[in-house]
Structure formats: structure tokens, C-alpha cells
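Number of protein chains: 2
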Amino acid sequence: MIIDCHGHYTTAPPALEAWRKAQIAAIGDPSKAPSRASLSMSDDEIRASLEGAQLKMQRDRGTDVTIFSPRASAMAHHIGDASTSLEWTRLCNDLIRRVCTLYPDNFIGVCQLPQSPGVRPENCIPELERCINELGFIGCNLNPDPSGGYWKEPPLTDRWWYPLYEKMVELDVPAMVHVSSSCNPCFHATGAHYINADTTAFMQFMTSDLFKDFPTLKFIIPHGGGAVPYHWGRYKGIAQDMKRPPLSELLLRNVYFDTCVYHRPGIELLLKVVPADNILFASEMVGAVKGIDPDTGHHYDDTRRYVEPIDWISDADRAKIFEGNARRVFSRFGTRTPREVNASARGG
Amino acid sequence: MIIDCHGHYTTAPPALEAWRKAQIAAIGDPSKAPSRASLSMSDDEIRASLEGAQLKMQRDRGTDVTIFSPRASAMAHHIGDASTSLEWTRLCNDLIRRVCTLYPDNFIGVCQLPQSPGVRPENCIPELERCINELGFIGCNLNPDPSGGYWKEPPLTDRWWYPLYEKMVELDVPAMVHVSSSCNPCFHATGAHYINADTTAFMQFMTSDLFKDFPTLKFIIPHGGGAVPYHWGRYKGIAQDMKRPPLSELLLRNVYFDTCVYHRPGIELLLKVVPADNILFASEMVGAVKGIDPDTGHHYDDTRRYVEPIDWISDADRAKIFEGNARRVFSRFGTRTPREVNASARGG
Numbered sequence: 001m002i003i004d005c006h007g008h009y010t011t012a013p014p015a016l017e018a019w020r021k022a023q024i025a026a027i028g029d030p031s032k033a034p035s036r037a038s039l040s041m042s043d044d045e046i047r048a049s050l051e052g053a054q055l056k057m058q059r060d061r062g063t064d065v066t067i068f069s070p071r072a073s074a075m076a077h078h079i080g081d082a083s084t085s086l087e088w089t090r091l092c093n094d095l096i097r098r099v100c101t102l103y104p105d106n107f108i109g110v111c112q113l114p115q116s117p118g119v120r121p122e123n124c125i126p127e128l129e130r131c132i133n134e135l136g137f138i139g140c141n142l143n144p145d146p147s148g149g150y151w152k153e154p155p156l157t158d159r160w161w162y163p164l165y166e167k168m169v170e171l172d173v174p175a176m177v178h179v180s181s182s183c184n185p186c187f188h189a190t191g192a193h194y195i196n197a198d199t200t201a202f203m204q205f206m207t208s209d210l211f212k213d214f215p216t217l218k219f220i221i222p223h224g225g226g227a228v229p230y231h232w233g234r235y236k237g238i239a240q241d242m243k244r245p246p247l248s249e250l251l252l253r254n255v256y257f258d259t260c261v262y263h264r265p266g267i268e269l270l271l272k273v274v275p276a277d278n279i280l281f282a283s284e285m286v287g288a289v290k291g292i293d294p295d296t297g298h299h300y301d302d303t304r305r306y307v308e309p310i311d312w313i314s315d316a317d318r319a320k321i322f323e324g325n326a327r328r329v330f331s332r333f334g335t336r337t338p339r340e341v342n343a344s345a346r347g348g
Numbered sequence: 001m002i003i004d005c006h007g008h009y010t011t012a013p014p015a016l017e018a019w020r021k022a023q024i025a026a027i028g029d030p031s032k033a034p035s036r037a038s039l040s041m042s043d044d045e046i047r048a049s050l051e052g053a054q055l056k057m058q059r060d061r062g063t064d065v066t067i068f069s070p071r072a073s074a075m076a077h078h079i080g081d082a083s084t085s086l087e088w089t090r091l092c093n094d095l096i097r098r099v100c101t102l103y104p105d106n107f108i109g110v111c112q113l114p115q116s117p118g119v120r121p122e123n124c125i126p127e128l129e130r131c132i133n134e135l136g137f138i139g140c141n142l143n144p145d146p147s148g149g150y151w152k153e154p155p156l157t158d159r160w161w162y163p164l165y166e167k168m169v170e171l172d173v174p175a176m177v178h179v180s181s182s183c184n185p186c187f188h189a190t191g192a193h194y195i196n197a198d199t200t201a202f203m204q205f206m207t208s209d210l211f212k213d214f215p216t217l218k219f220i221i222p223h224g225g226g227a228v229p230y231h232w233g234r235y236k237g238i239a240q241d242m243k244r245p246p247l248s249e250l251l252l253r254n255v256y257f258d259t260c261v262y263h264r265p266g267i268e269l270l271l272k273v274v275p276a277d278n279i280l281f282a283s284e285m286v287g288a289v290k291g292i293d294p295d296t297g298h299h300y301d302d303t304r305r306y307v308e309p310i311d312w313i314s315d316a317d318r319a320k321i322f323e324g325n326a327r328r329v330f331s332r333f334g335t336r337t338p339r340e341v342n343a344s345a346r347g348g
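Residue numbers (my numbering), protein chains in the order written: chain H, 1 to 348; chain U, 1 to 348.
Think of the hints as simulated: they come from the structure by calculation, not from any bench. Every clue listed holds true.
Any copy will do: because identical chains look the same in the list, a pair fits if it lies in one copy or spans two.
Okay, derived cross-link-like pairs now, DMTMM-like style, lysine to aspartate or glutamate, Cα gap no bigger than 25 Å in a straight line:
#	residue 1	residue 2
1	Lys272	Asp295
2	Lys290	Glu17
3	Lys243	Asp302
4	Lys272	Glu308
5	Lys152	Asp81
6	Lys243	Asp158
7	Lys272	Asp311
8	Lys290	Asp241
9	Lys290	Glu249
10	Lys56	Asp241
11	Lys243	Asp293
12	Lys152	Asp209
13	Lys21	Glu87
14	Lys272	Asp302
15	Lys212	Asp241
16	Lys272	Asp293
17	Lys290	Asp209
18	Lys243	Asp295
19	Lys167	Asp81
Start from the sequences and build out the full structure, keeping to the hints where you can.
Right under this line is the structure:
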């Protein structure tokens with residue numbers, strides 16, 4: 001089985017965006033805010049939004065299941081206040097649940113969190129519990145910068161975040177560290193802010209004892225770990241200069257990288273420097289880069305084509321990257337089938 | 001000749017830091033500010049600070065000349081106001097000039113700029129002119145985020161920066177895009193802020209027509225280009241999705257990467273994906289990573305050891321990376337010897 005651990009519902013029917021626009025227009029005048037129940041979207045509309053996109057690509061590329069969450073760039077935690085964020089988040093997570101109900105073999109849910117700038121992360125706990133316990137989701141996306149490019153929250157290693165981590169550990173779910181859109185004109189979202197956040201998070205983890213406090217807490221750093229594998233020697237050296245333990249001991253029991261790197265030399269580097277146990281296959285397809293590389297004739301984000309032919313990793317390592325690590329890191333997935341995971345949802 | 005295009009005076013005698021401390025202590029009470037003339041530092045002290053460090057490493061590693069600028073992390077443009085920044089900048093640049101006078105074969109100067117948050121970049125022009133025309137320097141370091149990690153300045157492609165670019169073009173000098181220390185607790189300076197800034201700058205350049213307005217403007221993105229080469233497919237694909245020209249045409253006549261990547265697989269990736277014409281040898285030695293890699297027995301930042309043995313690049317390309325490109329990008333260096341460059345300073 002090939003598990004794509006990083007997919008967002010980027011192709012949702014237009015009614016979703018229309019609802020969001022109405023919600024944003026009503027900021028400052030809650031009486032005009034749309035109710036969640038007012039979102040009208042048929043199962044056929046949802047099917048149509050996926051059949052030509054994520055599902056077609058799963059078939060074309062020979063991947064089996066996508067760990068699926070709401071569109072990252074649309075989380076936009078900086079818009080409105082905590083109640084704006086909560087309403088939008090619930091709506092988006094419910095929609096992911098509908099996708100998983102319609103296609104229980106193809107998608108497993110991961111939730112957006114109702115973060116809001118300056119609001120304590122424990123406000124996310126009820127929605128996290130709902131998604132894991134009631135919707136059958138297996139993880140969450142955690143935004144290290146709900147301000148959208150101004151980085152005003154404490155680092156991910158600050159005790160500010162601990163109540164949420166306690167709940168993640170209790171529920172046995174990992175978080176993918178994933179920012180949303182940038183409202184800072186310095187940072188292009190998918191070209192700079194996303195990659196910078198990945199690098200930033202790794203460095204925060206490296207300089208802290210977070211994983212002494214939470215030995216079983218797990219994070220996935222997406223987009224191939226930002227700049228980290230390319231600068232692996234730099235990080236190894238900085239850790240050493242700081243008299244920190246080796247990276248393997250310091251954080252590689254807790255931190256994982258996905259394979260959203262859109263060319264073969266990048267994937268080769270990742271596989272060369274990061275242990276196979278710490279790499280999870282992913283494409284983020286229908287995401288930041290939608291085009292076809294004229295040099296290969298294939299989609300840039302068809303990452304299976306980069307990983308598959310690398311012949312200097314063992315079959316055992318390839319199996320870990322494609323399947324085993326995702327089942328281990330998303331431990332509620334474990335040995336179950338996607339259909340079993342989805343069936344575990346109450347009323348699912 | 002091997003030219004190291006990226007070195008900072010990180011080992012300056014302690015009197016420099018003491019002066020800076022006194023300057024910072026006097027913020028708010030200018031009457032107590034130290035004068036530049038009060039910095040007392042003998043030539044022997046300067047020699048001693050270099051003989052066991054940069055100069056020893058040049059000899060040990062077989063590199064010939066370092067393009068040398070004030071310590072990047074100490075620029076700290078966010079401290080005080082524009083006059084604080086100007087005084088500190090002049091002092092630091094004058095010290096680089098003294099180094100070049102003492103060792104005219106080993107160092108060529110690049111200047112710090114007296115940037116200050118929210119202050120228009122044209123305020124840097126007099127100091128840039130002084131350094132280029134009077135001190136014999138051949139380039140400058142430009143900080144895209146004088147706020148120190150809050151990114152409050154317009155992007156480097158904004159017209160805000162144009163007066164400075166006009167002067168750079170007139171003087172025929174490139175800028176290395178280099179942030180300073182971070183006062184944002186989210187960003188570790190050398191592990192996150194530096195690398196993020198490199199990635200950010202590249203993406204800013206990619207999404208603008210800056211180089212249509214300034215066809216001869218040149219930037220060096222240090223630290224191997226941040227995350228860019230590792231995500232080369234991503235950038236190529238984003239440019240394509242945005243209907244921008246190919247990267248080669250869009251910015252590779254104006255943007256260069258150094259080789260400050262501290263492990264062999266990273267350097268191999270860089271040389272695989274970035275054209276040899278766009279890579280300048282550099283180590284940033286006595287910089288972010290000072291230790292010895294136990295796996296190789298050599299300093300992490302001894303980057304010559306990574307570049308030299310790569311046998312799938314041509315000798316011509318290797319010569320460009322080690323020497324030719326630096327002479328071309330720092331066009332005031334050109335075909336001259338370092339001694340000739342330094343002798344061109346008025347009173348040098």
C-alpha cells in the first residue's frame with residue numbers, strides 16, 4: 001500500500017469559498033454570519049470535485065490512500081477572532097469527514113485546528129477531541145504562526161503550547177506543522193512562508209528539551225523538512241557547537257519529514273541524509289505546484305516517480321517510506337485498513 | 001586562485017564589542033555615546049585576531065583571498081535609530097579597511113550598510129559611496145529585514161529600495177542579501193532566520209520584474225541559497241504556474257548562490273541543479289558552525305573539501321566556481337589582484 005500522508009482538499013466545491021466570503025464579510029456584524037448548516041453541498045458535488053482531481057491522480061499514480069485535511073492556505077487563522085476560526089474550522093473538518101465517508105478506502109482525515117492569534121492553544125482541544133473521537137481522524141495540522149507571517153506566537157517549544165501537546169499525546173495523534181497563507185508582503189505563501197516555517201520549526205525543536213517533556217509527541221515537518229536536509233551538516237554542526245545531543249537522539253524519535261520535494265535531486269538528497277525511519281511519502285497533490293515539468297513530462301508533484309526508482313535504498317526502507325512509517329507515526333492508523341479507520345468514527 | 005566570497009570579521013578584538021556595548025548603553029542619552037575615534041585597537045591586536053583564525057584557515061585550506069565584511073549577526077540594524085546604525089556601520093567598515101590594509105593579499109572589503117527599520121534605503125548611499133570610492137571595497141551586504149525577524153520592510157523588489165539599487169548599478173557593485181541577528185524568539189539566527197531570509201529573497205525576486213528595471217543589478221544569496229536548490233523543482237514549477245519566464249531567464253542573470261552548505265550531499269545537490277555560472281565558492285568560515293565533523297575529521301565549514309572532489313563537473317566549471325564567477329560578479333575585482341584592488345583605495 002502507498003500512503004500519501006499530505007493532501008489538502010484544495011478542490012472543494014465553490015460553495016465552501018462562498019460561505020467563507022460571507023463569513024468574512026460578516027466580521028464585525030455577527031448577526032449576518034452564515035450558519036454552518038447553511039452550507040449547501042450535495043454528495044455529488046463533493047464526488048465531482050474529487051473524481052477528476054485527487055482520485056484521478058491516486059489512480060494514475062498508483063497511490064492508495066491520502067491522509068487528507070482542509071486546504072492549508074485557507075485556514076487563515078489570522079482572519080477574525082477565535083469564534084470566526086472555530087466556525088470555519090468545524091465546517092472544514094466536517095467536510096473532510098464527508099469526503100472520508102464517501103471514499104472510505106481513499107481518504108483518512110486529519111483536522112484543521114481553530115487557532116487564533118494570541119489565543120491560548122487549549123482552545124483547540126475540544127475540536128481536536130471531536131475530530132479524533134467522533135470523526136475518526138488520525139492527526140491534526142498545527143500552525144506555528146497563526147498571525148500569518150508576522151510570527152507573534154511563542155515558539156512551538158514554549159509551554160504556551162503544552163496543554164495541546166498533552167491532549168495530542170493522550171489521543172495518540174501527531175501534528176503536521178503547517179502554516180497557512182501569508183499576509184506579510186515579504187513572504188510568498190507556498191514559495192517562502194511554507195518552507196520557512198518548516199525550517200523554523202525544526203530549529204525550534206533542536207534548541208529545546210520539548211521531547212524530554214513529551215517523549216511520545218510526534219511532528220511531521222512537511223515540504224521535505226523545508227531547508228533542513230539540504231543544510232543537514234549545518235544543523236548537525238550547530239547542535240554540536242551548542243553541546244546538544246546528536247540529532248538522532250535529540251529529535252529523530254519525534255520529528256519526521258514528508259517527501260513533498262518536487263524534483264529527483266531533492267528527493268535523493270532527502271533519502272541520503274535523513275534516516276529512512278523518519279521519512280513519510282507524500283505529494284501534497286493538487287497543491288502548491290500543479291504544472292507538468294516539461295523536462296520529465298510528469299507533474300512536478302508526482303513524487304512517487306522520484307522515490308520509486310532510487311535503487312540504493314533497500315526494499316525494506318522503501319516500504320517504510322511508502323507505508324510503514326505513516327502507519328507508525330499516525331498510530332491510530334496502525335495496522336487497520338483505511339475503511340476500518342473511517343468506520344471507527346461514531347456514526348461513520 | 002581560490003576566492004572565498006563570504007567571510008565576516010567574527011573574531012575582531014574585544015574592544016569592538018565593548019565599544020558597541022557603550023554605544024547601546026548610551027541610546028537615549030547621546031551625550032554618553034562613545035566617539036568612533038575612541039575605539040582603541042592596535043594593528044598587532046588586529047593581526048592577532050586573524051592570524052590564528054581566518055588567516056590560519058586560508059593557509060590550512062588552501063584558499064587565497066576572502067571577500068570580507070563586518071560580522072553579520074552584529075549589524076543588528078534594529079538597535080537604536082539611523083544615527084546609531086550609521087556610527088556603528090562606519091566603525092565596522094573602517095575596521096574592515098584596516099584588515100585589508102594589513103593583509104592586502106588576503107582580504108578584500110565588502111561593507112555593512114547603515115540600515116535602520118523604516119528608514120528609506122537612500123540613507124545608505126553616502127556610506128556605500130565612501131566604502132566603494134574611498135576604502136576600495138567591492139560590494140555590500142544588504143539586510144532585507146532590518147527589524148530583526150519581524151519583516152516589516154517592503155520586499156526587496158519594492159520601489160522603496162530602488163534609489164539604493166540605482167547607486168549599486170552606478171558603482172557596479174553586487175549585494176549579498178544577508179540578515180543580521182533575530183530578536184524574534186521564533187527564529188534562531190543562524191539556524192532559521194538566515195536560511196529563511198535567503199529563501200524569502202529568492203521568492204521575492206522570482207515574483208517581480210525587478211531585473212527588467214535593473215538588468216545589471218546583482219545579488220548573491222548566501223548559505224547555498226537557503227532552501228532554494230533543494231526545492232528547485234518547486235520554484236521551477238511555481239514560476240511556470242505563474243506564467244513567469246523560466247528561472248534562467250527570470251533571474252539567473254542577476255542572482256547567484258554561494259557554497260556555504262556544510263556537508264557533501266548538499267553541495268552535490270547545489271552543483272547538480274544550479275548552473276555553474278551562478279555559484280560562487282564561499283565558506284563563511286569562523287561563522288555559524290565552528291566545529292569539526294566527527295564523521296570527516298574536518299571543519300563543517302571547510303567547504304573546499306566538498307566542492308573539490310566532485311568529479312562530474314568540468315575543470316572549467318570548477319574554475320568558475322572557485323574564482324571566475326567571483327571576479328565577474330564582484331566586477332570591480334575583475335582581473336586585478338587583491339593587492340591591486342586594495343591599493344585602489346584613496347590613501348590605501
